[in-house]
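Enquirer: Fit chain B to the known structure of chain A by using the hints.
Quick mapping for you: the protein sequence lines, in order, are chains A and B. Each residue of the first sequence is one higher than the one before, starting from 0 at the first, in numbering that gives the first Met the number 0. Each residue of the second sequence is one higher than the one before, starting from 0 at the first, in numbering that gives the first Met the number 0.
What the hints contain is simulated information worked out from the structure, not anything from laboratory work. Using N, Cα and C, we set each Cβ at its ideal position, and we do this for glycine too. There's no promise every hint is true.
What the hints assert, rightly or not - Cβ pair distances, simulated, as ranges:
| no. | chain 1 | residue 1 | chain 2 | residue 2 | range |
| --- | --- | --- | --- | --- | --- |
| 1 | A | Thr137 | B | Met274 | 46 to 52 Å |
| 2 | B | Tyr276 | A | Leu142 | 48 to 54 Å |
| 3 | B | Gly8 | A | Ala177 | 52 to 58 Å |
| 4 | B | Asp234 | A | Asp181 | 41 to 47 Å |
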Amino acid sequence: MLTFVAIGVDGLVYASWLFLVAVGLTLVLGVMRVLNVAHGSFYSFGAYAAAWGVGIYFTHGWPDAGGYFVVAGAAIVVGVVLGLLIERGLLRWLYDRDEVVIVLVTYAVLLILEDSVLLIWGTDPYFAYQPSALLGNTDIAGLPFPNYNLMLIALAVLTGGILWWVLNHTHRGKFLQAVIHDREMSVFLGINVARLFTITFVIGAILGALGGAVTAPVISVSPGIGVEVIVLAFAVVVIGGMGSIAGAIIGSLLVGLAHAAAVHLLPSVELFVIYGVMTLVLAFRPRGLFGPAQLRRI
Amino acid sequence: MSSDRTIAGLCVVAVALAVAGFFVPAWMVFIGVISLAKGLVVLGLMVLWRTGLVSFGQSLYYALGAYAVGLAHLYWGLTDAFVGVLLGVAVAGFGSFVIGFLLARYRDLFFAMLSLAFAMILYGVLVKSEALGSTDGFVISVPTFAGYAPGADTAQAVLLAFTAAVVLASAYLIDRYQKSTAGHLTTAIRDNEIRVEYLGFSVRQAIHVKYVLAGILGGAGGALVAMAVGHIDPDMAYWTTAGEFVFVAILSGTASVAAPFFGSIIFEVLRSYAMQYAAHVWHMVLGVALLLIIMFLPDGLWSLFRKRARAH
Chain A
0 MLTFVAIGVD GLVYASWLFL VAVGLTLVLG VMRVLNVAHG SFYSFGAYAA
50 AWGVGIYFTH GWPDAGGYFV VAGAAIVVGV VLGLLIERGL LRWLYDRDEV
100 VIVLVTYAVL LILEDSVLLI WGTDPYFAYQ PSALLGNTDI AGLPFPNYNL
150 MLIALAVLTG GILWWVLNHT HRGKFLQAVI HDREMSVFLG INVARLFTIT
200 FVIGAILGAL GGAVTAPVIS VSPGIGVEVI VLAFAVVVIG GMGSIAGAII
250 GSLLVGLAHA AAVHLLPSVE LFVIYGVMTL VLAFRPRGLF GPAQLRRI
Chain B
0 MSSDRTIAGL CVVAVALAVA GFFVPAWMVF IGVISLAKGL VVLGLMVLWR
50 TGLVSFGQSL YYALGAYAVG LAHLYWGLTD AFVGVLLGVA VAGFGSFVIG
100 FLLARYRDLF FAMLSLAFAM ILYGVLVKSE ALGSTDGFVI SVPTFAGYAP
150 GADTAQAVLL AFTAAVVLAS AYLIDRYQKS TAGHLTTAIR DNEIRVEYLG
200 FSVRQAIHVK YVLAGILGGA GGALVAMAVG HIDPDMAYWT TAGEFVFVAI
250 LSGTASVAAP FFGSIIFEVL RSYAMQYAAH VWHMVLGVAL LLIIMFLPDG
300 LWSLFRKRAR AH
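So here's chain A without its partners, still in its complex pose (with noise of 0.2 Å):
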């Protein structure tokens, strides 16, 4: 019974994390049909900035409160300049290409991105446990789990329910959905879709800081975080079915409870769990759970 509790919750929490990471990955692909690689090193920019800090508040012995201000201030600030430093001054110019050369473009953006991590922070570990160790744990059927994780539930739940709001009750929301539909459409009906893909990649890389920024405080961020999460966040998005948030939803889920189930019960598949999620899912349905029919071409 307690290995069940166990199981949900850390499958919740995993699956929460999972979302969080995910969920700018795969808006950008349905928007902009780029898979971007990049993205991992969002993830580790936002947790080395946000990591960075909560160290200087921290020391300075500000009020407790603050600090998630700080981290939730260094995903937006790196997902504003690296978004837009990327779409406005890369991407833009290669949209004409075929989608698997933009995978390679945004390969070589992770490579020179992991290198300027460490050129500006250097290689040393960064520890960030204040915002995770002030909140303290709650008892579950007798078993403590931390609040932090408790709370990344919820955050992914709010993430989730926004974007759900911004895309189908929202102007710009309708018009992306639109433009997800149709590309060539959407511009003759007069949306701007070079302004739509700005933001939208900014919004992705915002998700993606923020994803890194809010786990800098349960790890110690060192070289490679984004590197591992790049890989975890794709086999979550290509189970859902590329651009689609419902299924990056049921994706991070299935992952989430199969990793943490494989953890407590089966250790020695843990690391490869998501992966045999994956093909499982996709020998059955090759575009994924949500994945749009593909049409032939002749």
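Expert: Just chain B now, with coordinates in the frame of chain A:
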């Protein structure tokens, strides 16, 4: 440049490299072996890339080939280079044959992601297997050649000659393949699959064959690198290793079977200098180079030669 001339040129270069191995400093011999062996993996990627498929998981077969050599040494005490390469090829070939049934159904991003997933599964298995040294991997001894055990000072040079022979044979066979009917389907599939189906060919089968070819070449490359380095670890299967192969494939271009080896040698030489003088910015240099190539030389470095050849 006609491909017969390419093969003739490769013959000359391979023989020259094999002979030079006995006279140049050891570090150059080592770079020669590594870049030729990795060039084999890239040649496999090139076979796929010509149909528009990019595999971000070629590290799977690279690691399978290496671990085939390593395990044969660990459990059976086998050190023979011929047997090692054959084993690597057999294991990787079988693996790609089985996985190919699934992968041949996918294209574009799904193909890239699914091939990556399989590589990461192998990585996960290797990291968790403590009998194989987990993340540390394990050491394997210098290879012998059909009973002949070269001395410590010539071992790498002999391995270079051996590698050059494997490269030459592979390049010749792939060149033959690309001139066969199945090979000519390559670009047709890239342009329009459905029309190829209407011509009476099975696209899925053609892609399956290409995938197995790429797997075999990956296995051979991995086996040779394992023998040259004398140590193997799970990082050989990690996705960044596969990303490196993709990088070299883009750098080289797909115009000729010689291009992957040319690109691979440039890459390894650059890397060994960068590691010495600018280790911190190595990935940054790679990234910038990749961007520049994609933007200004979309057909790879080899296209520089072709332009010059046409001008004459």
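Enquirer: Does each hint hold? Answer for all of them.
Expert: Evaluation of the provided hints:
1. Thr137(A) x Met274(B): 46 to 52 Å: holds, 49 Å
2. Tyr276(B) x Leu142(A): 48 to 54 Å: Given about 53 Å between the Cβ atoms, the range holds.
3. Gly8(B) x Ala177(A): 52 to 58 Å: With a Cβ separation near 55 Å, Gly8(B) and Ala177(A) satisfy 52 to 58 Å, so the hint holds.
4. Asp234(B) x Asp181(A): 41 to 47 Å: Holds, since Asp234(B) and Asp181(A) (Cβ atoms, about 44 Å apart) stay within the stated range.
Hint violations for this structure: none, all hints satisfied.
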